[in-house]
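*Asks:* Using the supplied hints, reconstruct the complex from the two chains, each of which is provided in its own coordinate frame.
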Amino acid sequence: MTRFIGEHVKISTVLRAMVLAGMLPIATNSFAAEIGGVEFSGSGFMTLAVGQMLGGTNRNVMDYNCPCFISDYAQAAVYDNRSGLQWQPDSKLGVQGTALFAERSFSVTAQAVSRGTANGGADLEWLYGSYKVNEQFTIQAGRKRLPMFYYSDTQDIGVALPWIHLPPGPYGWEAVNYNGINVAYQSQFKEWTTSANMLAGSESNSNSGYQKIYYGRQSVSNIQWDNIFGGNLTLSNDWLETRVVYIQSNTQEYNSSGGWNSTTQAYDIAPAVIYPRASQQIYGLSVNSDYNNWLLRTEFLTIIHPGLGYRDYAHLIGIGYHYGKWQPMITGSEYIGRMITDGLIPPATPTPENMQQTISLTVRYDLTTSSDLKIQYDSQTDISSPAYQATGYDYGNSQLVTLAYDVVF
Amino acid sequence: MYMYSQYRIQLREVKVKKQKYITLTRRSLFAASVLFASLVHAEVVVVVGAKSTTSSLSKEQASDIFLGKATALTPLDQPESSSLRDDFYSKVTGKTAAQAKSYWAKLSFTGKGTPPKEAQSSTDIKNLVSNNPKLIGYIEKSAVDSSVKILFSAQ
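Which chain is which? The protein sequence lines are P and Z, in order.
Residues 1 to 409 (this note's numbering) make up the first sequence, in order.
Residues 1 to 155 (this note's numbering) make up the second sequence, in order.
Please keep in mind that the hints were generated in silico from the structure rather than gathered at the bench.
Errors might be hidden in some of the hints.
[What the hints assert, rightly or not] Here are the computed distance ranges between Cβ atoms for each label pair: (1) Trp192/P <-> Glu118/Z: 27 to 33 Å; (2) Tyr321/P <-> Lys112/Z: 51 to 57 Å; (3) Val133/P <-> Glu43/Z: 26 to 32 Å; (4) Thr54/Z <-> Ile35/P: 30 to 36 Å; (5) Glu118/Z <-> Asn292/P: 40 to 46 Å; (6) Asn250/P <-> Glu60/Z: 27 to 33 Å; (7) Ser81/Z <-> Gln265/P: 56 to 62 Å; (8) Pro79/Z <-> Gln252/P: 48 to 54 Å; (9) Leu403/P <-> Ser146/Z: 50 to 56 Å; (10) Val38/P <-> Ser146/Z: 45 to 51 Å; (11) Gly94/Z <-> Gly36/P: 37 to 43 Å; (12) Ser146/Z <-> Gly36/P: 34 to 40 Å.
[Unchecked claim] The following residues of chain P were derived to be distant from chain Z, with all beta-carbon distances above 12 Å: (13) Ile35; (14) Ala74; (15) Asn81; (16) Trp87; (17) Gly121; (18) Gln140; (19) Tyr151; (20) Pro162; (21) Glu191; (22) Ala266; (23) Ser279; (24) Asn292; (25) Gly318; (26) Tyr377.
Note that CB positions come from ideal geometry on N, CA and C, so glycine has one too.
One chain only, chain Z, in its complex shape (with noise of 0.2 Å):
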């Protein structure tokens, strides 16, 4: 009987452990998946240095800097592997990455424009456009500091 009971007891402080370890193990699966989709589908926002005089763009003027229809900043792109890329083109000029670099090949082995010249990351995004305030890039919001000006966010 003591035994039992005592079988009981552990076998009860195992459930409540396991149930523990489940519902920890849910929320951290949960808090993951939060932050992978976070990463996955972060918001794109396209920045300036702080001291450019410009102040707002619209989708579509966002769209031609970065497709060479219009010269009067200079864009940069966020490294191949990156897919904030990815997330940028989609949303803005509505072609894929592939798509869009498809497209600059044909610009620019026609001598018809220069292809976004590539920075390493985000920060090196941030402090090239905040040393020269004809270029432009584009950056997850979470990383948005002082030095940068949110000229559109794409959603």
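The following block holds chain P by itself, in its conformation from the complex (with noise of 0.2 Å):
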């Protein structure tokens, strides 16, 4: 009772925060200027969404009392079975500064979000330098995201995305952000567009959002992924873009404050390796659309651990209509973690299996140009085999609401 009391004076200082925070930029607005040559501009987004969970499975998975819908798995975003309505999962406001150097040829951005999830708590998502070459490359260094998803980049920009949140499934990793160097390609040929990406880095996260949901809400586990390597490619014209992304890493992940033990309902003290070192590759393709009213998002992923004797697979397919200022949309996604022989000796057992589908009833209608209203519905059903649902880790079916503005400024 006390830790829910608390977290709600959080809560209501926070929203007020964020509130103050929202409405001073719609009385200033993004601003620039000028100082020494050095051209600096400052912008910024918010989400003020509140969500309901309207029903579930109903058991108590890790210290999360459900039913659940996690609406972001690398932010332990987690509406649960508490009453009331939760202002946390989504919410968020992010700010941007850029200073532009002379000749316009190098750039200082830096990105800091600060959500709900966390309290208010601000973390730095963005932080590099832009160097730009020539028309077509530009070499970046410094934080970025990592862009294994065609929505990776503008993950926290509500007015950016046609959902409140991102369809769990596909977009719910361990790591989004990365260090390291970005080249940058892009041309024009004709009505198509071509941009390209290289990069390689490293990224380590000592209180990983993404393994709360796996060790409970108060455990530390750090991950880490290192030797990354990959690029994606886009091409576009005025209705069609497609995607495809490769990615490798080393990935090593161990827990380091002891998860929840269901069987004692208390935390377990021996910290435990989640896994080993292991080599990753990644494999994405999207192909989306915006024909004439039509919209079109289609997202397909496979991440192989040859290590590790497993498969993940997911793959989303939305479809929406423009409508003057209203857009409805219905989005279906799956994920599938699959035990699979990949090169192990002995093979693997072939179960169990993790899956769930979900599907997503969206409206979003614009306000202004910089501002939406969004409502969602989603029903998350769990197919998973016997034996993952005996492994407490499986978080059943559940159906949530979820309202939200969004802004940029």
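*Replies:* What follows is the structure, given as structure tokens:
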């Protein structure tokens, strides 16, 4: 009880800060100034979202009282069975500053995001220097988004998304950023635009949000992705956009605090290795279209973990329609985690399977050119094998409704 | 009888006045609707300064400039509240102004581009483009004067 009272106090503090911060840009808008030949500009984005679980599987998973809907794995954003409206999982406020140096070929960009899931605490999501070599090539170095998905770069910017939260199956991953170098290429040939990125770097997170979902709210887990190397290629014209991505890395994860023990209903003291060091290869394909008033979004992702004996498959398909300022959309998404041999001797036993399917209905209404209102209904169905359901990690079914206000400034 | 004829005359006068009023009102309404329609669907033209060396643009080239795909010219936007902005984006880029803003949010928050700077009015755009040959904007055709040159006209 004390914990909930504490959280509500913090939530109201966070919301006050968010609302005040949201009002500020309405009054002031983004800014730009030139000092000593350096052009500074600032802008930001905000999502105020409120959600309510409508139903699902009643059970305790770790120290979450479910039914639960995980709206963002990387941030441990979980709507659960507590009474009342929940503001924390999807509400966020981001600010971005850019310094553009003389000749406009070198710039430094920083972006910090304050999240409801962190009780208003802010993380530096982007911090990189960018050097424009010529019209085609740009070199960037620093902290950036890991471009696993079509919407990776804009996953926090509600106005740029057709959903309140990204389909959690495909978009639910341990690492969303990396520190390293990126070479970007862009060119135009007739009506086709080509853009490509090659990247290399590493990511370390000493308090993974993702693993709190599987080891408990208070658990502390460390994830390491090193030797990250890969790239993506996007071809687009006025109505079609296709994107392929390949990224490889080594991964290693361990829990340093002890995880939740469902039997004792307390945290274990002993830390545990979650995954030993192993390699992974990520393959992704996205085909999207905006044709007349129709909107199509698709993503297909496969991750191979040769040393760990399992593969991840995730995909989504969404169809929407622009009707003036309204945009209704229906999206189906699926995640499958499957044990598979992948060269293991002896072969892995082909069970258990972790599988969820989600149907999302979203209606977006553009309030202004810079803001929108959205309402979304999600229904997640757990179709995992009985062996996986018995592991204690299975969150079951859930139905959620969320309402959000998005703005950029 | 007199009273009756006087009453008829008065009645006829009232009818005539009423008819004139109705005709006047209809004409006013028609004129207002034409004016309103012309404001809502004003012809939008893409302009640069009169001294610019650029002489014309295709619709696709104009779209590329205002969506950041071509960077030879720096675009200027009308204010968010302007209906001209909606008209321009839907006629030239095929997107609504809100969709264009969403598109630019994706580029600007990922370091891939800087959205068009917002001018205060068509007069402001004319002043800015006429003093800087690298700038390009869009205004209603009726606002065109000798300080600017039309590169593309969106019907």
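*Asks:* Confirm or reject each hint.
*Replies:* How the hints compare with the structure:
no.: 1; hint: Trp192/P <-> Glu118/Z: 27 to 33 Å; in the structure: holds, 30 Å
no.: 2; hint: Tyr321/P <-> Lys112/Z: 51 to 57 Å; in the structure: violated, 27 Å
no.: 3; hint: Val133/P <-> Glu43/Z: 26 to 32 Å; in the structure: violated, 41 Å
no.: 4; hint: Thr54/Z <-> Ile35/P: 30 to 36 Å; in the structure: holds, 32 Å
no.: 5; hint: Glu118/Z <-> Asn292/P: 40 to 46 Å; in the structure: violated, 28 Å
no.: 6; hint: Asn250/P <-> Glu60/Z: 27 to 33 Å; in the structure: violated, 45 Å
no.: 7; hint: Ser81/Z <-> Gln265/P: 56 to 62 Å; in the structure: holds, 57 Å
no.: 8; hint: Pro79/Z <-> Gln252/P: 48 to 54 Å; in the structure: holds, 52 Å
no.: 9; hint: Leu403/P <-> Ser146/Z: 50 to 56 Å; in the structure: holds, 52 Å
no.: 10; hint: Val38/P <-> Ser146/Z: 45 to 51 Å; in the structure: violated, 37 Å
no.: 11; hint: Gly94/Z <-> Gly36/P: 37 to 43 Å; in the structure: holds, 41 Å
no.: 12; hint: Ser146/Z <-> Gly36/P: 34 to 40 Å; in the structure: holds, 38 Å
no.: 13; hint: Ile35; in the structure: holds, 18 Å
no.: 14; hint: Ala74; in the structure: holds, 17 Å
no.: 15; hint: Asn81; in the structure: holds, 34 Å
no.: 16; hint: Trp87; in the structure: holds, 23 Å
no.: 17; hint: Gly121; in the structure: holds, 20 Å
no.: 18; hint: Gln140; in the structure: violated, 7 Å
no.: 19; hint: Tyr151; in the structure: violated, 9 Å
no.: 20; hint: Pro162; in the structure: violated, 9 Å
no.: 21; hint: Glu191; in the structure: violated, 7 Å
no.: 22; hint: Ala266; in the structure: holds, 42 Å
no.: 23; hint: Ser279; in the structure: holds, 28 Å
no.: 24; hint: Asn292; in the structure: violated, 8 Å
no.: 25; hint: Gly318; in the structure: holds, 15 Å
no.: 26; hint: Tyr377; in the structure: holds, 22 Å
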